[in-house]
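2 protein chains.
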Amino acid sequence: MGSQHHDRCPSSQPPQVLVIRPPPVFAVHEQYISNKFHILKAYDSPLPTHDFLQANAQFVKAVLCSGNGPITADVLRDLPALQLVVSTTTGVNHIDMAECRKRGIKVTNIQDVFSDDVADVAVGLLIDVMRRITGGHKFVRGGCWPVTEQYPLGSKLGGKKIGIVGLGNIGSKVATRLYAMGCIVSYTSRQIKDSTPFTFYPNVLQLALDSDALILCCALTNDTRHMINNKVMMALGKKGIIVNVARGAVIDEAELVKCLVEGEIGGAGLDVYENEPNVPKELFGLDNVVVLPHSSACTNECFQDAAEVAVGNLEAFFANKPLITPITNDF
Amino acid sequence: MGSQHHDRCPSSQPPQVLVIRPPPVFAVHEQYISNKFHILKAYDSPLPTHDFLQANAQFVKAVLCSGNGPITADVLRDLPALQLVVSTTTGVNHIDMAECRKRGIKVTNIQDVFSDDVADVAVGLLIDVMRRITGGHKFVRGGCWPVTEQYPLGSKLGGKKIGIVGLGNIGSKVATRLYAMGCIVSYTSRQIKDSTPFTFYPNVLQLALDSDALILCCALTNDTRHMINNKVMMALGKKGIIVNVARGAVIDEAELVKCLVEGEIGGAGLDVYENEPNVPKELFGLDNVVVLPHSSACTNECFQDAAEVAVGNLEAFFANKPLITPITNDF
Chain X
6 MGSQHHDRCP
16 SSQPPQVLVI
26 RPPPVFAVHE
36 QYISNKFHIL
46 KAYDSPLPTH
56 DFLQANAQFV
66 KAVLCSGNGP
76 ITADVLRDLP
86 ALQLVVSTTT
96 GVNHIDMAEC
106 RKRGIKVTNI
116 QDVFSDDVAD
126 VAVGLLIDVM
136 RRITGGHKFV
146 RGGCWPVTEQ
156 YPLGSKLGGK
166 KIGIVGLGNI
176 GSKVATRLYA
186 MGCIVSYTSR
196 QIKDSTPFTF
206 YPNVLQLALD
216 SDALILCCAL
226 TNDTRHMINN
236 KVMMALGKKG
246 IIVNVARGAV
256 IDEAELVKCL
266 VEGEIGGAGL
276 DVYENEPNVP
286 KELFGLDNVV
296 VLPHSSACTN
306 ECFQDAAEVA
316 VGNLEAFFAN
326 KPLITPITND
336 F
Chain G
6 MGSQHHDRCP
16 SSQPPQVLVI
26 RPPPVFAVHE
36 QYISNKFHIL
46 KAYDSPLPTH
56 DFLQANAQFV
66 KAVLCSGNGP
76 ITADVLRDLP
86 ALQLVVSTTT
96 GVNHIDMAEC
106 RKRGIKVTNI
116 QDVFSDDVAD
126 VAVGLLIDVM
136 RRITGGHKFV
146 RGGCWPVTEQ
156 YPLGSKLGGK
166 KIGIVGLGNI
176 GSKVATRLYA
186 MGCIVSYTSR
196 QIKDSTPFTF
206 YPNVLQLALD
216 SDALILCCAL
226 TNDTRHMINN
236 KVMMALGKKG
246 IIVNVARGAV
256 IDEAELVKCL
266 VEGEIGGAGL
276 DVYENEPNVP
286 KELFGLDNVV
296 VLPHSSACTN
306 ECFQDAAEVA
316 VGNLEAFFAN
326 KPLITPITND
336 F
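Protein chains in written order, with our numbering: chain X, 6 to 336; chain G, 6 to 336.
Derived from the structure by calculation, the hints contain no laboratory data. Don't take every hint at face value.
The list cannot tell twin chains apart, which means a pair is met if one copy fits it or any two copies do.
With a cut-off of at most 20 angstroms between alpha-carbon atoms, the simulated EDC-like pairs for lysine to aspartate or glutamate come out as follows [as the list claims (entries may be wrong)]:
{"hint": "1", "residue 1": "Lys236", "residue 2": "Glu269"}
{"hint": "2", "residue 1": "Lys143", "residue 2": "Glu287"}
{"hint": "3", "residue 1": "Lys143", "residue 2": "Asp292"}
{"hint": "4", "residue 1": "Lys166", "residue 2": "Asp117"}
{"hint": "5", "residue 1": "Lys46", "residue 2": "Asp56"}
{"hint": "6", "residue 1": "Lys166", "residue 2": "Glu306"}
{"hint": "7", "residue 1": "Lys243", "residue 2": "Glu306"}
{"hint": "8", "residue 1": "Lys143", "residue 2": "Glu281"}
{"hint": "9", "residue 1": "Lys286", "residue 2": "Asp257"}
{"hint": "10", "residue 1": "Lys286", "residue 2": "Glu154"}
This one's a predicted model, so the numbers in the text were calculated from it and none came from an experiment.
Bound conformation, chain X alone (with noise of 0.2 angstroms):
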């Protein structure tokens, strides 16, 4: 498997992987993956993406790519030797995987490389909303200390009901840390785990009416997708946070922003959105909002292991060796 191609260049040539948009892990580590393949950068042409998969792309046996270029059935049909579609990412709801699974294509995620980063930001991201560290830099910054001596009281994050949705990798690792501040940690997930000594509810609505803050960190599927509705908010209620760290989607949006904007829920921590990299507006001005540009993975630390396990499944396949980290299952 996998070595017709190669087997037809001299053994000095590398083998082809094609990058239609280079993920961020790449852009960082360019160097260190292009020694090691040939990088067909659909990005670098000025044809549009089909046509130049149709003249470049017709033997291209691996792709590597990440949320910012989504592997569509429209890309897998102007790619009919793809055998491997290598994701630089944890969640792969940018792959079309029911047609990766009719044709047999193997799919590589980068498995938990990037969950304590992810959950050291989710936490962040509770304190800053809770204490108002944002808030607070800006009042300091802004000169307003010397004139109004008291900036307005934050929330005490001991003995808050905080709970997760999606106690997988990530959820698992918010849930330590938050146990570790004197947080009551309860979850919501698609099965209990035993496991843990957290209390399960069955369902999000539930969990939202007897939390203090929500901490989202499932996989974006049918079932999650705008899981985090009008009534969830509501449930959550005015004091009620809510924080992102999974997909955008996993939110309704609209409905977040008009429950923000309106006082609805209490703040937000967002990491992620529906359209990025474009953020609502309506957030920008709103003191208990802190938004990040999706960095809740980018360290340094997490680049380089997510370029080293993104490089080890391209060699294992070229090699036909067995992947490093192969989805197996429905995610």
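Dock chain G against the given chain X, drawing on the hints supplied.
Just chain G now, kept in the frame of chain X:
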């Protein structure tokens, strides 16, 4: 003890408590405290403090204060009948303790009411600086994301060596939180703490040499004033981060500004300053510095608790009962 002046009033008159400058806790809970005591407000008078005290406070037995209104030797001289200083803070570096001891004046603080909240903000500041939360927020709000896709990478917390300066109530709570995030925690303190699993360093210089970040959680004393000097910052190094939730003067602030501006250390998260509410303006242009308005203890829950402890001490004093949170040792 403490009933002479009270006894001269009709029993319906609440005992008198002097407030020279309103502590933030008092400002928020004035109603609750004023319901229990007759508050003599020096700050409401057009007279200079000295004249006001001479004219109105010669029989005052109890004063309520915080860091914004120091109880100096001069103030103490103006209060010949004083028997009790109630501070709404944990640190009492704003009170001339030597003079109080000499005169037999009792001092109360609020012990560790604030320590969980301060520890949360210490962790929040560390996450913020290392993971660029405030910077990322500014990047998104400034509309930069659709233009520049990748915000500069941050630094992973897991595996980092974090040195805690002062492993008291707050320091211990910071340690627990960072341990849950996978950090390698060490500390320096007046004495080694046998009950902790963390590595002890005999002095701050050695700790700095071996740490990626320092978190300052110690009291301000003659021994700790300007403890974080140029030498310590150089030992911490160009990637090193300083978080200060202790007191501003624990750092040589002029040196700190210089080291930050010249890139001799990697960043800082600051809640406290040498001359509050004034913050060095040179810090305002630096993306690797987060500045808060001494708000690490500022939550609704804490202020409520602190008001209750302060009132409890005053009530105990006027009822000739033992104080709830007296400071018995040198601090």
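We went through each hint and held it up to the structure:
no. : hint             : result
1   : Lys236 to Glu269 : within (11 angstroms within a copy, 51 angstroms between copies)
2   : Lys143 to Glu287 : both (18 angstroms within a copy, 15 angstroms between copies)
3   : Lys143 to Asp292 : both (9 angstroms within a copy, 12 angstroms between copies)
4   : Lys166 to Asp117 : neither (26 angstroms within a copy, 22 angstroms between copies)
5   : Lys46 to Asp56   : within (13 angstroms within a copy, 79 angstroms between copies)
6   : Lys166 to Glu306 : between (32 angstroms within a copy, 15 angstroms between copies)
7   : Lys243 to Glu306 : between (38 angstroms within a copy, 17 angstroms between copies)
8   : Lys143 to Glu281 : between (25 angstroms within a copy, 16 angstroms between copies)
9   : Lys286 to Asp257 : within (16 angstroms within a copy, 41 angstroms between copies)
10  : Lys286 to Glu154 : between (30 angstroms within a copy, 18 angstroms between copies)
Checked against the numbered hints listed earlier, the structure breaks hint 4 alone; every other hint is satisfied.
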